[in-house]
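Dock chain one against chain two, each of which comes alone in its own frame, and use the hints as you go.
Protein chains in written order, with numbering that gives the first Met the number 0: chain A, 0 to 520; chain B, 0 to 387.
Just so you know, the hints here were simulated from the structure itself, not pulled from any lab data. Quick caveat, the model's predicted, so the values are computed rather than measured. It is possible that some hints are incorrect.
[Claimed, not checked] Each computed EDC-like pair below joins lysine to aspartate or glutamate, with the alpha-carbon atoms no more than 20 Å apart:
id: 1; chain 1: B; residue 1: Lys-152; chain 2: A; residue 2: Asp-276
id: 2; chain 1: B; residue 1: Lys-249; chain 2: A; residue 2: Asp-367
id: 3; chain 1: A; residue 1: Lys-195; chain 2: A; residue 2: Glu-213
id: 4; chain 1: A; residue 1: Lys-154; chain 2: A; residue 2: Glu-213
id: 5; chain 1: A; residue 1: Lys-195; chain 2: A; residue 2: Asp-173
id: 6; chain 1: B; residue 1: Lys-246; chain 2: A; residue 2: Asp-367
id: 7; chain 1: A; residue 1: Lys-414; chain 2: A; residue 2: Asp-367
id: 8; chain 1: B; residue 1: Lys-249; chain 2: A; residue 2: Glu-342
id: 9; chain 1: A; residue 1: Lys-259; chain 2: A; residue 2: Asp-329
id: 10; chain 1: A; residue 1: Lys-27; chain 2: B; residue 2: Glu-376
id: 11; chain 1: B; residue 1: Lys-246; chain 2: A; residue 2: Asp-386
id: 12; chain 1: B; residue 1: Lys-321; chain 2: A; residue 2: Asp-274
id: 13; chain 1: A; residue 1: Lys-414; chain 2: B; residue 2: Glu-376
id: 14; chain 1: B; residue 1: Lys-321; chain 2: A; residue 2: Glu-411
id: 15; chain 1: A; residue 1: Lys-28; chain 2: B; residue 2: Glu-376
id: 16; chain 1: A; residue 1: Lys-154; chain 2: A; residue 2: Asp-141
id: 17; chain 1: B; residue 1: Lys-247; chain 2: A; residue 2: Glu-411
id: 18; chain 1: B; residue 1: Lys-247; chain 2: A; residue 2: Asp-367
id: 19; chain 1: A; residue 1: Lys-344; chain 2: B; residue 2: Glu-261
id: 20; chain 1: B; residue 1: Lys-152; chain 2: A; residue 2: Asp-274
id: 21; chain 1: B; residue 1: Lys-246; chain 2: A; residue 2: Glu-411
id: 22; chain 1: A; residue 1: Lys-207; chain 2: A; residue 2: Glu-41
id: 23; chain 1: B; residue 1: Lys-247; chain 2: A; residue 2: Asp-386
id: 24; chain 1: B; residue 1: Lys-273; chain 2: A; residue 2: Glu-342
id: 25; chain 1: B; residue 1: Lys-249; chain 2: A; residue 2: Asp-386
id: 26; chain 1: A; residue 1: Lys-207; chain 2: A; residue 2: Asp-473
id: 27; chain 1: B; residue 1: Lys-272; chain 2: A; residue 2: Glu-342
id: 28; chain 1: B; residue 1: Lys-91; chain 2: A; residue 2: Glu-213
id: 29; chain 1: A; residue 1: Lys-81; chain 2: B; residue 2: Glu-376
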Amino acid sequence: MEENVKTTAAGRVPAVRMEGITKSFGSKKANVNVDLNIYHGEILSLLGENGSGKTTLMNMLSGIYFPDSGSIFVDGRPVSIKSPKDAFDLHIGMIHQHFKLVNVLTAAENVILGLKEGFVLNLKKVRTEVKKICDRYGFDVDPDKKVYDMSVSEKQTLEIIKVLYRGADILILDEPTAVLTPQETTRLFEVMRNMKKDGKSIVIITHKLHEVMEISDRVAVLRKGEYVGDIMTADTDPQELTDMMMGRAVTLNIERSEPKNIRKCLEVRHLSVIDADGVKKLDDVSFDANGGELLGIAGISGSGQKELLEVIAGLQPAVGGSSVVYTDMDGKTSTLLGRTPMEIKKLGVHLAFVPEDRLGMGLVGNMDIADNMLLRTYQDGGGVFVDMKKSRKLAEEIVQEFDVVTPGITTEVRKLSGGNVQKILVGREIAGNPSLLMSAYAVRGLDINTSYTIYRLMNEQKQRGAAVIYVGEDLDVLLELCDRILVLCAGRVSGIVDGRTVTKEDVGLMMTRLPEAEEAK
Amino acid sequence: MIHISKRADFTLFKGRAEWLNRYVGWGIRLFAVFLSLVVSGLLIFFVTKLNPVKVYGAMIDGVFGTPRLTWAWVRDFTLLLLIAVGLAPAFKMRFWNIGAEGQVLVGGIVAAAFMIHLGSAGIPAAILIIMMAFASMAAGAAWGVIPALFKAKWNTNETLFTLMMNYIAIQLTSFLVPKWEHPKGSNSVGIINPDSNVGWFPKLFEKPISGMTQGAPMTRFLTAGESVYLNVLIVAAVVLFMFFYLKKSKHGYEIAVVGQSENTARYAAMNVKKIIIRSMTLSGALCGLAGFMAVSGIDHTISTGTAGGRGFTAIIVAWLAKFNPFIMILISGLLVFLEKGSISIASEFGLSKDVSQIITGIILFFILGSEFFINYEIKFARRARKEA
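Bound-form chain B, shown alone (with noise of 0.2 Å):
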């Protein structure tokens, strides 16, 4: 007979070593990644014959192989992690906000009008890329703050109106892509400042640090990443304040009693709508900035796909990590080096695109389903009978 109970606590090891408990779970999920390589392996093998081992090879080429696909992937993946860094606040405070995509959208949209309106302006450059992030952070604070304001003074569902604000948010940027459209009847916005780079991100680092070598190996990965050192850093930052933030200060305190019990929150004299509407500007401006880095950082242009659904899995990156910002630095790595591996071995061995998802898909019910192993223990009980 099996039987399912609530874990208490792990109690693995003992005595000295009573420490090591603690990360029984992590030990868990790392052994449930190691698991799902290992089944999706087998159905490589099976469906496709190729030896699984030179598969796994080819994504770990494909994503690292390069210096430029390297910083590809930090680039993509530090983009993921300052959404999901973004969404921290709201859902620990139970704040279910899914309009992440919609506020990422919103700021890159004002993040492409100043650089579109403004481009020719005179405006110094470190001036206007400063203008950019905190107008792109208001917009994403307008658009989290809206649904909050709602639920504050009349408790409507977070839910749905988080997600119909990023069809808003979608159908601003189906109105005003034709408006900046270039060329004309591209019906795309094309890359905005092609030759002057007005608004663009600064190389950062650019010429060659003393003492290293031109030509050398190091010398040579390290000025591939020149474009992206400004969105490391900028991710870098805001990672460490979350992490103080949630964990230290009395906000974060105070959206960890919200979010644990209402009720508490009053009895312990917190203003309960002051914090919701406080800590999703927050949020929302966070993924404002995500959006003003995807535009000005990344791609140099607009296009409805411009969040790209990282709204959402930035909620999963946030979850996993149990709202630990360094946690979700490790979580969106992997997630992104899942996404571009599976890409590349798809090309590579010309199997269908659908395989990467396949792939992604095991590895994402196997890290989820170890959830359940951690929380829970499984007894296989004997017959609780004696002989007479």
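If we strip away everything but chain A, and leave its shape as in the complex, we get (with noise of 0.2 Å):
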């Protein structure tokens, strides 16, 4: 076998070697012809837009996905991985955006899931053993917590051991910065770094720059399934990655213009939510949303933002004592809570929400184009038949407008890419006209360029006089988008800021604890 080795011109044998590898999922290419080096002891970033075939590219070497041709050679012998076991047995193992952890199991008996360990099962063998890979690398996690008790951090860092207790050399992470708050962030990098110190190699797919600058050693950017190229980390500058991804000169710059003619649209007293299961999502929350201005809400996920919007657009109940009052152009209020979404359309108000679950919320997956703009208008019109003229001409003007890529507006939803998708859904929320816009992560998982078109839609509206809620998670984001910042901490207000002077430090703090005066309630 010793003649299969492969050095590559520097002489140096890498980890991993993707040689011509090309997949397609139907008539779609996710990779073509693509050749990937992953060294030892380096820290990889893979970086594209959203459906420029990172994940996939890592699918075929964690064993989920099969190649449609090419080759993969690990320490220079070619492979072939079939399986995730396969790749467990090459040392390679990936850190899904998803977690794929059994919730009523502690961290232990996580780890050792699907292992064949011979019969008996010996946890303190293995409580022993992850407590080593906790020391040596400097993670923080009690082997006997349930799954479930968890936060979103520390479920990930449970991922990771899980992976290196199954003896990985390789480790792959999936954009695993996107659920993490800024400290949780930096932490992440220190444990990377360990590993990298270990001798681990380590590819991370990501697609925030700042990041990739602050991390990694070499980046390898993809563009529409192909392989641009790779640049040290220290010789290059996020705006010549940015050029790279988009294989053009883009600038980067939100648009914030000063707010203008407030006006009071959206009164938030005392709104507490208890969930199915007793739990207090939201405690005492009060604010004001107003016409012309742009209120952004920063928080860990899951601190209750969802709960937040969705009271709002009367599809959760809120507790006694909570009122959120809608004042509408000419100054007549309504209150909105206790009311059905039906209601409040018949109020007159016009409330646009772009839900976090797109196509399990805002849209129908296996409904075509067309037939989801006729979501928030079927009932238009009088008679017993819908009205799919209108409805087809939307769906048009919206394919048009915001160059969605379709093969026509009679393509179903659920097979357009993430970010046609959410131009749809938004496409569809602004098209009325709305007098409060809310929207929940809206750029999430969607490419540079069509979050630019968000963020500018999203100031657009605030200019045109709606009051637009922007639930966000990248603070950078919206730090620079927002006039105003809400950040919520485990359901409660920490703070209203200012989104021109306060630091993206201040807001980090501010989602992980409650100031003084609110912890004492």
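What follows is the structure, encoded as structure tokens:
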């Protein structure tokens, strides 16, 4: 087998070499003839817009997909990775965006899940082993803690330990920072550096440029499924990387106009929500959202953002004593709480809502674009039949205006890429000139270009006079885009700050702890 | 190495013939039917040494050999079709209504009750028939809406609930048959109003249409169908109604959205509970109508076997047709053809009755199996390795 060992021009044997990898799904090419090297002891950023094939490429390393053509070499030897088990045998482990943990089991039990450890479960051994890994790399995990008691960051840590326990030397992290606070991200990066020192190879899939600059040694860029090239991080800057990603020069500026003609729109007072399991999701939340102003909502995911928007939209009940009052353009007030979405609509409140779960709430994946346009307006007009003509026209307009990539308006929405799905959803929601626009994680999973389109649209709606509520996770963006930022911490308001003057670190701190006055309550 | 992946779209045809891709799925299904006939033929040959072509010929002859047989086929498949169309709104809403059997049966019970108790009340025939139709629909609707109410109110499992409603309907029939039995001691209801024909579907176009010669084959054929015409008309009307209801109406749109995601439905300001209850009322009512048709238009009697398993077969019809009422016509026609045809060959060639079920089984297996090839593609990947 020795004659099969491949070396690069530099004479180093890469830990992993992918050569001429092509993978298509139906007629869609996800990867075209991609070559990629991963070296021992480096942190490699895999950078690319959404839909550029980063995750697909890495899934072929971890045995989830199998390439249509091309070869993979591990330590210079050709290998065939047909299943995640094959990948583990080759010491390749991947930490996916969506955690694959069993909630009712403890950390240690999750670690050995699916491993052949003999008939008798030796949890004690696992515990010491887990402890050893933790000490070595600076993790902080209690092996006996149940997964349902863990924070997102702890779950992610557990996923990494799981992979290390299985002996992985090559770790692939798929957008690991998407769910973390700035502080948690810093801790993750520390761990990654420790692993690197230990000789592990780490691939981090991301599209956040400042993280690429901070953590990685080398950057490999994919564009539309093709390999653009790689570059040492020290020799590049965010602008060059963006240009590589997009294939052309782009400017990265978020427009934030000065708020004008501010009018009262939404008045939320003492809002509390208790979910079906009896857990308090929102606790005494009070704030105003004004027309002509963009209000950002920051917080660790799961701090009550979803509940807040859904209560306003009439999709969730609130507990007694809460009040949500809407004021329309003429100054007429009406209360929204206790009303169904239909009743809110009949009040004449023009409320647009871009929910977090796009295909599970905002759109119907199995319906085509035109039929999805009907969701908000199918009741309009008399008669028993729906007005297909109008929905088709709106669909055509949105496809054209937002450059939606689709074979046609009769294509099912689930077949479109994430960015195009979001364009359709946002397009529909702003089509009727809403007076209140709420969006939750509107740019999650979107590429840079589409994200900036969304920011622009939000700002346009604000200039038009709508009250815009923007729930976001990227603090840099929130600080650049929003006029005011409401910070949520565990369902409570830990502060409302001016987006123009506050610092990222301050917001990060507010996300994790309440001010003392609030704490005492 | 074999690799199975979900198909995005067919791309068999390129360029101007691209629209043909939409029909590739139907091509595959048709091919599956053909293949299943070949396999059944081989089975027939190796087990019985009979010529399969002859056997299939006998099958066609057994269903379409005489006008009377052909109309019997029409009568039976339209009944199955009516139930399948009735199930469509429920299943499109992903409400697992496996209670059509019971809904048909209570519809039949009510129709029989009218015929027995009001048969000599002197109500004009047309009015009685209309009263029966509405009463049967109301009974079927009640049978369908009870599980829907419980689902909407307490989120009970509709599959178990509708299934159990079947047993209640069967027990109700068992309870009523001795009360209505005729003649005494037969433990069956017998033909109701055999002489007066009160409550029976009227024969349409009894007189030969003018311009047609008496005794000509066409005239004989049309005359043989006189007792089935009303069945066909009712079902045709319901098929048309359901097609537009599901495809074009606001209600149909709501059903589709609720079926895909209740969350989205609530987001779109829909009243999910109301939609579930309304759709199940409709579904049950149409099944009740089928029960009325079975009793008043076909059997003229009632027994625990009046629904005869059609409530379950109709589920296959509705799903295979993807809830398109027009395609249900084809599928219910095929299924009833298979059933009748195989019974006739079993008797003609002295084969066991089970042979007919084997053939039906093989054909269904192939049709259902073809769905796999329509939804997934199988790739035989070359070894992904290059010479070093």
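How the hints compare with the structure:
1. B:Lys-152 - A:Asp-276: Measuring from Cα to Cα gives roughly 19 Å; hence the hint holds.
2. B:Lys-249 - A:Asp-367: Within the cut-off at roughly 16 Å; holds.
3. A:Lys-195 - A:Glu-213: Measuring from Cα to Cα gives roughly 14 Å; hence the hint holds.
4. A:Lys-154 - A:Glu-213: violated, 23 Å
5. A:Lys-195 - A:Asp-173: holds, 17 Å
6. B:Lys-246 - A:Asp-367: With Cα atoms ~13 Å apart, Lys-246 of chain B and Asp-367 of chain A stay inside 20 Å; holds.
7. A:Lys-414 - A:Asp-367: Distance of about 9 Å is within 20 Å: holds.
8. B:Lys-249 - A:Glu-342: holds, 18 Å
9. A:Lys-259 - A:Asp-329: holds, 17 Å
10. A:Lys-27 - B:Glu-376: holds, 14 Å
11. B:Lys-246 - A:Asp-386: Given that 20 Å is the threshold and the Cα spacing comes to 12 Å, the pair holds.
12. B:Lys-321 - A:Asp-274: Status violated; Cα separation ~37 Å.
13. A:Lys-414 - B:Glu-376: At roughly 16 Å apart (the allowed maximum being 20 Å), Glu-376 of chain B and Lys-414 of chain A satisfy the hint.
14. B:Lys-321 - A:Glu-411: Cα-Cα ~16 Å, so holds.
15. A:Lys-28 - B:Glu-376: Distance ~16 Å between Lys-28 of chain A and Glu-376 of chain B Cα, so the pair holds.
16. A:Lys-154 - A:Asp-141: holds, 11 Å
17. B:Lys-247 - A:Glu-411: Distance of about 18 Å is within 20 Å: holds.
18. B:Lys-247 - A:Asp-367: holds, 14 Å
19. A:Lys-344 - B:Glu-261: Holds, at roughly 19 Å.
20. B:Lys-152 - A:Asp-274: holds, 19 Å
21. B:Lys-246 - A:Glu-411: Satisfied, since the Cα-Cα distance of roughly 16 Å is no more than 20 Å.
22. A:Lys-207 - A:Glu-41: Within the cut-off at roughly 19 Å; holds.
23. B:Lys-247 - A:Asp-386: holds, 9 Å
24. B:Lys-273 - A:Glu-342: Holds, because 15 Å separates the two Cα atoms, which is no more than 20 Å.
25. B:Lys-249 - A:Asp-386: holds, 9 Å
26. A:Lys-207 - A:Asp-473: Judged against 20 Å, a Cα distance of about 9 Å means the pair holds.
27. B:Lys-272 - A:Glu-342: At roughly 16 Å apart (the allowed maximum being 20 Å), Glu-342 of chain A and Lys-272 of chain B satisfy the hint.
28. B:Lys-91 - A:Glu-213: Status violated; Cα separation ~52 Å.
29. A:Lys-81 - B:Glu-376: holds, 18 Å
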